[in-house]
Amino acid sequence: MFKKVLVANRGEIAVRIIRACRELGIATVAVFSEVDRTALHVRYADEAYFIGPPPARESYLRIDKILDVARRSGADAIHPGYGFLAERPDFAEACAEAGIVFIGPPASAIGLMGDKVIARKTVQAAGVPIVPGTEEDLRDDEVERAAAFVGFPLLIKAAAGGGGKGMRAVYRPEDLRGALASARREAEAAFGDGSVYLEKIVEGARHIEIQILADAHGNVIHLGERECSIQRRHQKLVEEAPSPFVDEDLRNRMGAVAVKAAQAVNYVNAGTIEFLVDKARNFYFLEANTRLQVEHPVTEMVTGVDIVKEQLRIARGRKLRYTQDDIRMNGWAIECRINAEDPYNDFLPSIGRLTGMTLPTGPGVRVDSGVYEGFEITPYYDSLISKLICWGETRGEALLRMRRALEEYRIMGVKTNIPFHQRLLDSPRFMGGQFDTTFVEERFSLSEDGQGDQCDPEVAAIIATLVAHQRGQQAAQVVARDSRDLSNWKFFGRYERMRR
Amino acid sequence: MKYATTVGDRTFIIEVNRENEVIVDDRPEQVDFRPIDGHTLYSLLLNNRSYEAFVEEREGVYHVLLQGRLYTVTVEDERARRLSQVSRGFAPPTGEIQIKAPMPGLIVGIPVEEGQTVKAGQVVAILESMKMENELKAPRAGVVGRVRVKQGDSVEQNQVLLTLQ
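Taken in sequence, the protein lines are chains A and B. To convert, count from 1 in the first sequence and add 42; that's the working numbering. To convert, count from 1 in the second sequence and add 7; that's the working numbering.
These are calculated hints, taken from the structure and not from any lab test. Glycine included, every Cβ here is placed at the ideal spot set by N, Cα and C. Where hints are given, some of them may not hold.
[Claimed, not checked] Which bits of chain A does chain B cover? Going by a derived footprint, with three or more residues having C-beta under 8 Å, they are: (1) 222-232; (2) 390-398; (3) 498-509.
Take these sequences, add in the hints, and give me the full structure.
Here is the structure:
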């Protein structure tokens with residue numbers, strides 16, 4: 043096995059990878075920017091090296107600095123996590139040139155799948171169905187002409203994109219120009235590449251993805267699906283495995299196609315093939331993610347496979363320890379992404395010191411967190427602070443556990459989207475599995491009345507009144523003391539003088 | 008002390024006289040109210056029923072987050088209530104409001120101009136922070152006053168971006 047692994051990431055995913063290494067007896071190296079000196083990944087790693095100022099461009103995205111740390115620390119492999127350098131073929135190549143193992147697919151596979159335009163062509167040639175759209179990196183005037191062919195509604199997507207960045211839905215032709223400019227700007231800022239393509243929006247579609255594991259000896263298996271339709275602005279918020287929409291037959295068909303797509307690019311290591319599935323159970327290739335996914339824990343919970351440890355073994359050249367027949371889905375798992383965002387203020391990011399935190403625990407609960415009490419949430423990185431994952435024998439049990447765990451979870455000092463998740467889990471449509479990718483934005487509202495309604499405004503009124511009352515009393519005491527103005531010594535001195 | 012507490016369209020008259028009792032609309036209720044972290048989290052036993060809530064006060068309005076639901080609550084003691092009833096009707100709710108940056112970031116666009124009329128909910132500034140573009144919307148209808156920043160500016164938290172009249 044590897045002796046020492048450098049984790050080129052931060053936050054909860056860096057912690058997750060360090061945990062896997064610890065369990066395998068591998069030493070770990072963390073890297074950190076100026077604002078992350080006291081971050082959890084730095085505290086958990088065996089060694090940690092400073093790599094630069096807070097903006098990712100000057101630290102977590104600096105290939106030269108990270109490779110320099112790898113050499114100085116004697117790391118024999120690098121795990122990129124997700125985001126940052128995870129899907130950059132030049133980084134995988136630079137690692138190879140430096141004689142360091144990149145824990146992920148070969149640079150060629152990242153290149154093929156990472157450029158979404160090429161990915162679509164490649165998998166289409168292998169017989170994988172794709173969503174209608176344009177194929178080229180388009181200039182602005184070409185976009186306008188192509189849009190008419192693709193038809194509205196359509197999506198503008200960044201060729202280098204992921205995580206919803208540089209992506210815009212356009213419903214009317216007159217909105218195209220503005221959306222295009224803003225998509226290019228966001229793509230340029232996030233990936234350093236503003237090229238875009240268009241894709242038709244499949245209406246009423248679900249976003250369902252298949253987890254792939256492939257070794258360097260030509261074995262490829264899938265670990266079933268994840269349901270990721272609960273999204274807002276193309277950011278996933280809740281994921282579950284399996285999907286309430288997928289039966290054994292659809293799972294086998296999608297799995298077989300995903301394996302085919304992976305084989306088409308000689309894929310090695312863990313990866314994800316994303317599909318759109320319409321109401322008639324037709325499915326279309328959306329994109330491939332050539333890395334560990336944020337939502338990998340739900341698959342781990344139902345299959346029992348530790349995906350990060352498998353990644354390490356595969357990168358070391360070992361054969362897969364499982365065949366397709368070994369993979370069984372046991373029970374149901376659901377994940378809520380806990381973001382430092384205020385759901386009652388248009389999901390604006392919330393920053394500041396986390397002054398208090400109580401984590402949910404108990405049966406079937408897993409928390410992958412990257413923060414702790416006293417840690418400062420800064421505006422430099424994305425707002426994901428932890429992932430809450432619950433397992434149950436059935437979907438119903440998993441949902442009830444999640445509801446219980448969300449109520450236990452207390453985060454103080456910054457706003458989080460926990461209330462959003464609580465309201466979502468109360469919504470009858472979500473409970474019934476009746477949702478598609480537009481559900482959160484078009485048919486869900488935080489003020490909607492669900493079944494979990496037990497509290498009434500009277501309790502809120504009593505609480506606010508008692509807080510106001512306590513404050514009023516404290517203020518009265520402060521004023522009373524201030525009006526005397528002086529210290530007790532001075533007061534007593536004057537009193538004594540007067541009596542003389 | 009007697010308070011008139013309003014949540015949405017309901018007003019409760021709540022009397023707080025003794026430590027372990029409140030009288031809500033003439034009905035006595037047993038309470039045991041404790042701060043948990045000393046800032047925002049409180050525990051309430053209301054007739055032995057246990058509740059926890061985050062409470063935040065902004066400009067005299069209490070925001071109570073209880074079981075995933077946000078309640079906006081105004082609390083007036085009797086004197087303040089009488090005063091406000093007298094003054095009500097004199098001053099129409101006008102005045103300038105400032106649109107501030109809710110967090111540090113980069114201005115990627117100001118889609119409005121000085122003097123432009125905007126509707127409530129209309130986007131007046133786009134701020135990039137935490138790797139996302141965040142749209143800042145007008146809290147009410149009005150006319151754009153001074154625009155104090157331009158595209159490409161880096162702004163601090165709470166910096167005034169523009170004003171609405």
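Here is how each hint holds up against the structure:
no.	hint	in the structure
1	222-232	holds (count 5)
2	390-398	holds (count 6)
3	498-509	holds (count 11)
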